[in-house]
Amino acid sequence: MAPIGVDEWVARSGERREQMSGPRRLLEMAGERVSWWQRLAMLAIAGFVFGQLGFNLNIDTVAFNSVLYAILALGLNIVVGWAGLLDLGYIAFFGFGSYGYALLSSHAFGSLVNFSGGVHLPIIAIIPIVLVAAGLVGVLIGLVALRLHGDYLAIVTLFVGQAFVEVVNNIDPTLFGGNNGLFGLDPWHGFGGSIGSVHGYYYAALVMLIILMAGLHLLDGSRTGRAWRALRDDPLAAEAMTVPVNLLKVMAFSFGAIVAALAGVVFAAQQGSVFPTNFQSSVLILIYACLVLGGVGGIAGAVLGGITVTVVEAMLRSPTDSSYLFYGLILLAILVRVRPWQRMVAMLVAIAAFGLVMRAIVGAISHAAISGPHGSIGWIGTVMRHWVIVPTGSITFGNILYAVLICALILIVRLHGIWRFVLIVPTVYAAACCWESRLIVDTGITAQIVLGAILVVMMAARPSGLLGTRRVEVL
Amino acid sequence: MQIFIQTIVTGLVTGCLYALIALGYSMVYGVLKLLNFAHGDLYMVGAFIGYYIIQWFGGSSALIIPVWLVIIVMLLVSAVAVGGLGVAIERFAYRPLRDAPRIAPLITALGISFILEDSVLLLFGGYVRSYNTPSFIPYSASFHISGVNISSMQVLIVALSVAMMAGLFVLVNRTLFGKSMRAVASDREAAEMLGINVNRTIAMTFFVGSAMAGVAGVMSGLANEPISNIIGFLAGLKAFTAAVVGGIGSIPGAMVGGLVIGFCEAFSASYISSQYSDLIVFGILIATMLIRPQGIFGTPPLQKV
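Those protein sequence lines, which keep their order, are chains Y and C.
Using our numbering, you'd call the opening residue of the first sequence number 1 and step up by one each time.
Using our numbering, you'd call the opening residue of the second sequence number 1001 and step up by one each time.
Simulated from the structure, these hints should not be mistaken for lab results.
A hint or two may mislead.
[To be verified] In silico negatives: residues of chain C with every beta carbon more than 12 Å from chain Y:
no.	residue
1	S1060
2	V1073
3	A1088
4	I1089
5	I1115
6	S1130
7	I1145
8	S1146
9	L1156
10	M1165
11	L1176
12	S1186
13	S1273
[Unchecked claim] Which stretches of chain Y does chain C cover? Using the computed rule of at least three CB atoms under 8 Å from a CB of chain C, they are:
no.	segment
14	98-108
15	142-156
16	283-290
17	392-405
18	447-460
All C-beta atoms in this analysis are idealised placements derived from N, C-alpha and C, irrespective of residue type, glycine included.
Using the sequences provided together with the hints, build the complete structure.
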C-alpha cells in the first residue's frame, strides 16, 4: 500500500540531490571529486594510523572485531544486498572457514590414524584450500537454493546454519571437539614468521578488508554486478532479458561463502580456538544488524555498519562506557526529536528539576530509599549519585521499574501533545533510576536488550539504513 | 510394541504443542507475509506466566486452591497476557513497517526476540525452572494400558490442543473475523478497499496466534519440561519447521506439520539417538522443501513480473 507517486519520488532522488543547497551540497560536491580508490586509500591510512596509536588490548580487540564484522557484512551484502537472496545460513560459511582453519592448523587430525601430530600448514596453503572448499560448499547450497524463492529460501538456509552447529557439536567429538570446541590452534605462520598478537591480526584483517573492498567495487560495476542487481529487482524480468539467473544465484552464494570463510580463517587464528557457540544464530543476527544498519546494497554501508555495531556492542558491554552511551542516546534523542528548541530546553530543565525534587521528597521520607549502591562510575556516577533514587534493595526496585518503564514507553508512543511532554519527564527520570539500580549491574544482558531496541527503533525510523537509498520493491 | 506405542504417545503430545505454536506462525505469515521470529519467545513468556501463577497460589507442593482451578487460571491468564503482548508487538514494532523493504520487519522481529529473551533473563534470572507437575498431579493419576503409561497431563494436552484447533477451524472458516482474515491474507489492498478494517484484523490475528503460543507454553510447563529464557528459540524453530512442512500460511498444514515434526522427533529420539533428533528434524525440513517447496498443504506462490 505504498502511497501513489512513490516510484516517482524515488526516480527523482537524483534531481533532488542536484537542487540541494548549503553546506550539505558543498560536502557532496567535495565528496564526488574524490575517486573511489582515493577514498579507499584514505580508509587504509586511517586504519593503519589507528593501529599505530598504540591503544590497550581492549581497544585492539574491538578494532579487530570491527574489521572482522565489516568483512562479514561485505560478504553478506553480496548475497543479500546485490543478488537479493535472503540467506539466513550465512553464518555456516563463517563457521566452515573457522573450522577449516582449525582442522588444518592443530592437533585435531591427530585423532585419525595417519596424522599422529595433526596437520600444521602455513597460512599461505590454508587460505586457498579453505576458500576453494568454501566456494564449492557455496555452490552446493546455491544449487539447492535454485528451487526456492523468497521466504522459503530464507527458511531452508536458516536450517543449514542450525545444522552446521548441530554437526560440529554432535558428530565425531574427537575430530570437531564437540561442545568443547578445538583449541590450541597455531597462529598464522609462513615465510619464517608468525602473527602473535591481536594487533598483528588487526593489520592482517585490515589488509584483507581493503583488498576485498577494492575487488567488490570492481565487481559491483562489472557485468556480473549489474546482472545481480537486475536479478534482485525482478528475477522474472531479468530471466526474460536472458540474464543467466541460475548461474548468478549460485555465484552469489559461492562468493558470499568465500568471503565468510576468509573472515573465519582470521577469526579462528586470532581467537586461537573455535567453539560451536561462536556460530550461533545470535552472531548471524549481529552480522545482519551490521548490514541493515549500514544500508543493504552498498559497500561503504556494510563497512560502516560493521564498525558501528561492533563499537556500540563493545561500549554496551563495558561498565564505564555503557553509561556514556545510554545517557548520550537519551540526550541525543531529546535534542534531535523535540522541537521547537524552547520546548526542548524546558524539557531538560523539567527533567533535572523533577529528579532533584523527587530525590529530596523520597530522601525526607526514608533514608534507606536513596542509599542503595550506584552503578555508574566516573563523573557520570558522581552526578547521578545526587540525582537518582536507588533504594537499598536495588535489584528488586530496578526490576519493577523496568516493567513500569516499558509500559510508560508504550504509553508515550500512543500519546500526543502536552501529555506526551508531561509523561516524558518522569519516564526519563525512571529510566535513569532503572539504569543505575539494575541495568548497569548486568551489562551483558543490558547490551542485548539495548541492541535489540536499537534494531527495532532503527528499522522504524530509517528502514533503508544509515547510508542506504530508498528503492521500490517489486513484490 | 510397548516402546512403539509409548513413542507414539510422546510424539502426539510434542506434536500438539508444536502445532499450537506453528498455527500462530502460519496465521501471522498468512496475513503479513512476515516470518515472526519473536513468536517462539511468546511461548517462553507463556511458560513463565504459568510458573509464576503456580508460585502465586502457594507453590507446586502446597497449592491453596484446587488443581483444576489453577490449570484453568494459568491457561486463561497466559492466553490473555501473551495475546496482548503479541498485539502490542504488532502495534509498535511491525505496523510502522508494513510498506518497508522485506528485510526490515525481519530484523525487527529478531530485535524483539532479543528484547524478550533478555528482559526475562534480567527480571527472573537465567536458571532453569520447572513446574514440578508430579507434586500436584501425582503419578498414580496416569493411565496404564498394557504397559504403556499415559499421564493425565498428556491426555489433557492432546484434548485441549484438539479442542483449540477445532475452535480455530470454526473461527477461521465460519465467522466474519475468519472471513476478513482470509481476505486480508489473500490481498491486503483489495480487502481494505472493500471496507475490511485491516489493522483490526491483523491485530486480532496476532492476538489469537500469540494466545495459542501462550497456552502451548503453559502446557509444555505442565508436561514438566524445563523452563528458562532460552527455550523459545528452539521451540520456535521446531514450530517454524512444522509450519513450513505443512505449508506456511495454511492452517491445516500447521496442524499436520506439527504432528509430523513431533513424531519424527519422538521416533528418532527413541529408535536412533536423541543426540541427532534435531538434525533429523532439520534434514526432514530441507528434504521436504526440496521435493515440495510449498509444503504439504501450501499452494505455490504466483509469480508476477
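Hints versus structure:
1. For S1060 (chain C), the condition that its CB be more than 12 Å from all CB atoms of chain Y holds, with the nearest at approximately 23 Å.
2. Once the 12 Å rule is applied to beta carbons, V1073 (chain C) is consistent with being away from chain Y; the minimum gap is 21 Å.
3. Annotated as non-interface, A1088 (chain C) brings its C-beta within 12 Å of a C-beta of chain Y; the closest such distance is 6 Å.
4. Its beta-carbon lying about 10 Å from the closest one in chain Y, I1089 (chain C) breaks the requirement of being farther than 12 Å from that chain.
5. Listed as a non-interface residue, I1115 (chain C) fails to keep its Cβ farther than 12 Å from every Cβ of chain Y; the least gap is roughly 4 Å.
6. Here S1130 (chain C) stays apart from chain Y, with its beta-carbon at least about 22 Å from theirs, past the 12 Å limit.
7. Listed as a non-interface residue, I1145 (chain C) keeps its Cβ farther than 12 Å from every Cβ of chain Y; the least gap is roughly 35 Å.
8. No beta-carbon of chain Y comes within 12 Å of the beta-carbon of S1146 (chain C); the shortest separation is about 35 Å.
9. Look at L1156 (chain C): its CB is around 31 Å from the nearest CB on chain Y, clear of 12 Å, so calling it non-interface holds up.
10. For M1165 (chain C), the non-interface assignment is confirmed: its Cβ lies about 23 Å from the closest Cβ of chain Y, beyond the 12 Å cut-off.
11. Residue placement check: L1176 (chain C) keeps its beta carbon more than 12 Å from all beta carbons of chain Y (closest about 22 Å).
12. No beta-carbon of chain Y is positioned within 12 Å of the beta-carbon of S1186 (chain C); the least distance is around 14 Å.
13. The Cβ of S1273 (chain C) sits about 9 Å from the closest Cβ of chain Y, inside the 12 Å cut-off, so the non-interface label is violated.
14. Beta-carbon proximity to chain C at under 8 Å applies to 0 residues in the segment 98-108 of chain Y; the threshold of 3 is not reached and the given coverage is violated.
15. Closer than 8 Å: that is the beta-carbon criterion, and the segment 142-156 of chain Y has 10 residues meeting it against chain C, so the requirement of 3 holds.
16. Using a Cβ-Cβ cut-off of 8 Å, 3 residues of the segment 283-290 of chain Y lie near chain C, which meets the minimum of three, so the contact claim holds.
17. With a cut-off of 8 Å between beta carbons, the segment 392-405 of chain Y has 3 residues touching chain C; three or more are needed, and the interface restraint holds.
18. For the segment 447-460 of chain Y, the stated coverage by chain C is satisfied: 10 residues place a CB nearer than 8 Å to a CB of that chain, which reaches the threshold of 3.
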